[in-house]
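Q: If you want the building blocks of each chain, they are given just below.
Number of protein chains: 2
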Amino acid sequence: MELDAITNKVLDAIDTNGFKQQGAYNLRYNGAALCHGDSENIRIRRKEDKQGIDVYISSKAQGEQVHIPVVISQSGMMDVVYNDFYIEESADVVIVAGCGIHNSGCNETRHDGIHAFHVGKNAKVVYEEKHYGEGEGTGENILNPVTQIYMEEGSMFTLDTVQIRGVDSTKRITDVDMGPESRLFVMEKLMTHDKQTAVSNMEVRMNGEGSSAQIISRSVAKGTSSQTFHPSAVGNALCKAHVQCDAIIMDHAHVCAIPEIDAHDVDAQIVHEAAIGRINNEQLLKLRSFGMKEEEAEAVIIDNFLQ
Amino acid sequence: MELDAITNKVLDAIDTNGFKQQGAYNLRYNGAALCHGDSENIRIRRKEDKQGIDVYISSKAQGEQVHIPVVISQSGMMDVVYNDFYIEESADVVIVAGCGIHNSGCNETRHDGIHAFHVGKNAKVVYEEKHYGEGEGTGENILNPVTQIYMEEGSMFTLDTVQIRGVDSTKRITDVDMGPESRLFVMEKLMTHDKQTAVSNMEVRMNGEGSSAQIISRSVAKGTSSQTFHPSAVGNALCKAHVQCDAIIMDHAHVCAIPEIDAHDVDAQIVHEAAIGRINNEQLLKLRSFGMKEEEAEAVIIDNFLQ
Numbered sequence: 001m002e003l004d005a006i007t008n009k010v011l012d013a014i015d016t017n018g019f020k021q022q023g024a025y026n027l028r029y030n031g032a033a034l035c036h037g038d039s040e041n042i043r044i045r046r047k048e049d050k051q052g053i054d055v056y057i058s059s060k061a062q063g064e065q066v067h068i069p070v071v072i073s074q075s076g077m078m079d080v081v082y083n084d085f086y087i088e089e090s091a092d093v094v095i096v097a098g099c100g101i102h103n104s105g106c107n108e109t110r111h112d113g114i115h116a117f118h119v120g121k122n123a124k125v126v127y128e129e130k131h132y133g134e135g136e137g138t139g140e141n142i143l144n145p146v147t148q149i150y151m152e153e154g155s156m157f158t159l160d161t162v163q164i165r166g167v168d169s170t171k172r173i174t175d176v177d178m179g180p181e182s183r184l185f186v187m188e189k190l191m192t193h194d195k196q197t198a199v200s201n202m203e204v205r206m207n208g209e210g211s212s213a214q215i216i217s218r219s220v221a222k223g224t225s226s227q228t229f230h231p232s233a234v235g236n237a238l239c240k241a242h243v244q245c246d247a248i249i250m251d252h253a254h255v256c257a258i259p260e261i262d263a264h265d266v267d268a269q270i271v272h273e274a275a276i277g278r279i280n281n282e283q284l285l286k287l288r289s290f291g292m293k294e295e296e297a298e299a300v301i302i303d304n305f306l307q
Numbered sequence: 001m002e003l004d005a006i007t008n009k010v011l012d013a014i015d016t017n018g019f020k021q022q023g024a025y026n027l028r029y030n031g032a033a034l035c036h037g038d039s040e041n042i043r044i045r046r047k048e049d050k051q052g053i054d055v056y057i058s059s060k061a062q063g064e065q066v067h068i069p070v071v072i073s074q075s076g077m078m079d080v081v082y083n084d085f086y087i088e089e090s091a092d093v094v095i096v097a098g099c100g101i102h103n104s105g106c107n108e109t110r111h112d113g114i115h116a117f118h119v120g121k122n123a124k125v126v127y128e129e130k131h132y133g134e135g136e137g138t139g140e141n142i143l144n145p146v147t148q149i150y151m152e153e154g155s156m157f158t159l160d161t162v163q164i165r166g167v168d169s170t171k172r173i174t175d176v177d178m179g180p181e182s183r184l185f186v187m188e189k190l191m192t193h194d195k196q197t198a199v200s201n202m203e204v205r206m207n208g209e210g211s212s213a214q215i216i217s218r219s220v221a222k223g224t225s226s227q228t229f230h231p232s233a234v235g236n237a238l239c240k241a242h243v244q245c246d247a248i249i250m251d252h253a254h255v256c257a258i259p260e261i262d263a264h265d266v267d268a269q270i271v272h273e274a275a276i277g278r279i280n281n282e283q284l285l286k287l288r289s290f291g292m293k294e295e296e297a298e299a300v301i302i303d304n305f306l307q
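In order, the protein sequences belong to chains A and B.
Residue numbers 1 to 307, in full-length UniProt numbering, belong to the letters of the first sequence in order.
Residue numbers 1 to 307, in full-length UniProt numbering, belong to the letters of the second sequence in order.
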């Protein structure tokens, strides 16, 4: 089906792989499924009891993608959606989610996506999620994602999450239970500006022997925006984790990082690093000596930092 | 005056500089001042309204020491004491505190030392505090120190705190307010064994321009003991802080580190590192290849780590 210009623009921002109406996909638009398709190995079913979908990914899915973007252009909408993903043993899949709000009104627009991933033995999942807000309206754009991940033995999960811009308020909750020999990679990138607020709480429980987690968070806070990170790595078995939070603070912004490392097992090895500071002055001077304006130079450094 | 053998043994453990009844000193014993002396530049006065002393350190004190140990050998004692330190501009002083409990009974023995340091402009203070418990009794030894530090412009404070062993439960609170160009160094070392518990909460507020803080925590948890660290570095101005927590976990112990770095100013530069892990295996093997027993080798590595 034909999509309007605003929807296409928002989709371009939140789905950098390129959203197409083919293979397995589901486009949620203003609180309802607008178009949807299955592939041979990935089936998407609408939930009967509440808003949302169940996505069944079979073992035969190897290197397949499924795209499930959400676009909201109706100012004042409050959309709560529950999506469950059942990934069979040894499947290998890329799930591209993301939510974009075009708010041209004066009302608060909000999307809460509660996503649960049931990751089978030895399955391999890459989950990409981009959050974005735009529009000439004065209404706030609010995104509160909840991500629950249950990892069976030997599975691998990559969580690649980005908040691009235009999100006035976000409260992120990520909760992971890890089985034996499972591996988790988290890359969280966040940019806030003006008087935006962002809170990200994450708890990773390494319950299975040989599990490992790498969590990287990079953020930039501009204007009078405020960010709080609270990642927690809990080691309940022989396991390894590395948590790293880096933030650039600008203008009159506020960044607070409260990483928690919690070892309950003598063979848990958990390391954390965090740094908050202003933009690198030497880089800034170098770029300005190439003739860039201060703002341009800052933009280059920030883009690089968030890549 | 002559001190008994137990008191001397406990004093040796908590005052490694060597406690002498000369210069400025105050020995608190079983809830009361046992002996006390002033020096020309350091006066110690008993508080009128509650338990504790006021220590006045004049600008003329340069390189002087004051020793104020606490010894408790009466099982079942509950001792709460308030000590205030007034350090004049440009003074340079070493304050040696520390508390040792010899518990030969079946009752809980507890000492809460609430210490406040008013550090004048450009003054230089080293504060050493050792905590220790011993005795053949079954009663618990509890130490809950509260340390409040107010640092004026250009002052320097070194907090060197050690919990040696024998402390069944501790809850430490450290609170620091830093003026312009002031410098703080914290070195916290903690060893817990058996079913001991330790909680350390620290908040350092860098309010003054050019203030800097270095906080290092090293701990070893053995047996089924449990430790929780929550150091917080708050940057309210141009400032620098480095927080580092390293812990060795053994047996069935539990260590949790929740460092918080909180930047409210674009010129606040705050870095944190934390690591929890088991004892270094290579070092262990090396020492054992020299003929050491496993326990001996472990003791050497732990001693080194806590030096």
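Calculated from the structure, these hints are not laboratory results.
Some hints could be false.
Copies of the same chain look alike in the list, so a pair counts if it works inside one copy or between any two.
Below 16 Å or equal to it, Euclidean Cα-Cα: the simulated EDC-like pairs (lysine to aspartate or glutamate) are [stated by the list, open to error]: (1) Lys60 x Asp92; (2) Lys130 x Asp84; (3) Lys189 x Asp303; (4) Lys171 x Asp246; (5) Lys222 x Asp265.
Q: For each hint, tell me whether it holds in the structure or not.
A: Each hint tested on the structure:
In this assembly of identical chains, the alpha carbons of Lys60 and Asp92 lie at most 16 Å apart only when taken from the same copy (8 Å versus 74 Å across copies). Proximity of Lys130 and Asp84 under a CA criterion of 16 Å is satisfied in neither setting, with 18 Å inside one chain copy and 55 Å between copies. In this homomeric assembly, Lys189 and Asp303 come within 16 Å of each other (Cα to Cα) only inside a single copy, at 11 Å, whereas the closest approach across copies is 41 Å. Proximity of Lys171 to Asp246 under the C-alpha cut-off of 16 Å is found in neither arrangement, the shortest distances being 19 Å within a copy and 31 Å between copies.
Taking the shortest Cα distances, Lys222 and Asp265 sit within 16 Å of each other only across copies (11 Å), while inside one copy they are farther apart (40 Å).
In terms of the numbered hints stated before, the structure departs from hints 2, 4, listed from lowest to highest.
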